[in-house]
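Chains as they are written, first to last, in this note's numbering: chain A, 1 to 82; chain B, 1 to 324.
Honestly, the hints are just simulated from the structure, not real lab data. Treat the hints with care, since some could be wrong.
To be verified - Below, a list of computed lysine-lysine pairs in the DSSO-like style, where the Cα atoms sit at most 27 Å apart:
hint, chain 1, residue 1, chain 2, residue 2
1, B, Lys-5, A, Lys-38
2, B, Lys-204, A, Lys-46
3, A, Lys-46, B, Lys-5
Stated by the list, open to error - Partial pick of chain B residues on the chain A-facing surface, computed with a CB cut under 8 Å:
hint, residue
4, Ser-10
5, Asp-207
6, Asp-210
7, Arg-289
8, Thr-293
Computed from a predicted structure; not experimentally measured. The beta-carbon is built from N, C-alpha and C at its ideal position, and this holds for glycine as well.
The residues making up each chain are set out below.
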Amino acid sequence: MADNVIIEAPMPGVFYRRPDPEEPVFAEEGDDVDAGDKVALIGVMKSFHDVTVDTDGVVTEFLVDNESEVEAGDALLTVAPS
Amino acid sequence: MLRIKEGGLSTTVQDTGRFGNYHIGMPPSGAVDQYAHRIANFLVGNEADAATLEMTYSGPTLEFEEDALIAVCGADMSPSLDGEAVSTWTAIGVDAGQSLEFQFATEGARAYLAVAGGVDVEQVMESRATYTLIGIGGYEGRTLEAGDELPVGEPAADAQEGATVDDDVVPDYGSEDTIRVVMGLCDYRLTDEGRDVLLGTQWKISDEADRVGYRLDADVDIQDLFEEREQPFGAGTDPTNVVDLGYPIGSIQMAGQPIVLMRDAVTGGGYATVGTVVSPDRGTLAQGRSHETVTFESVSVDEALTIRESWNDQLDALREELLG
């Protein structure tokens, strides 16, 4: 198995793990994901950027809390490619 | 024709703005960084009022149906044509069929893409600027999405590939954090200490800063900055409320937190506006990224006029140099 891939924030903003406060999270640690799957959002300037994975694999760890502030370049989560 | 393959985070058609309708509640809209917008236009032989694409944090991916001459100015988003990096603040020739792509902005928040001939969407009230809050202007009054097709106007005959500007024309977005303001209209409502706090605080640009308003955060209770008084008839009960007045563009509205009103903002209301950002510095502020800090510096009206005059002179000189 390849090394964990770190997904970084491309822009500053607020990190969201849910599409809406009432909705379930996009992904839990341990979930299988496919390349292109949306796993989080970054909200900035009242717009939302989709955080997607670029390989098939398993989400190993979320490194920041839901609704916390992030800076461009911050590590958000790790994915173990399958 | 420009074909949008991906819209980016928030990309709109903008120009110098929709003027003369403020009295009916219509803000000007238009490029929030007029400096980068105008220079991008001059580089490709356009006049200042040609429409460009304003791209926020992450640019779109787009394909050119015909040969074109383009320039990208403003925030650094590392543009590339068919995978090859291209220079910014420079006129670049594009062949029909090529795709232009951007990375995420590393410095600054907004970049402008000018195309020789301008983005030729239909005018609404004499402007091509997009005002998304009510859905007018630009392309269907909204941010761009995959599948949109934007017409391009007729380029000026003598526009030249390779036209560029000196390095000192290019701002260093990361380093500029002083925003100059003329105090007023309602700064009489602040205590002396409140005024010192407003001007002495490092304000953090919030995640909700956008084309409507730049919301600023700090550990300051805004009500404490105001003189106590019995509120006059017609004003709200909060000490930051006044009898409704017109809001100058760039004014600092004290609505629970300072909000600098930008080019898509409401044109009047009942919050005290305690200062107005001088026009060139609105562009500087618009390049401020969420979580960066800014400080306000008070200048007189005469100083503000001089600042605006030298900004205009610099742009006139660049226009003269590039358009002849």
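Hints violated by the structure (numbers, ascending) = Number 8 only.
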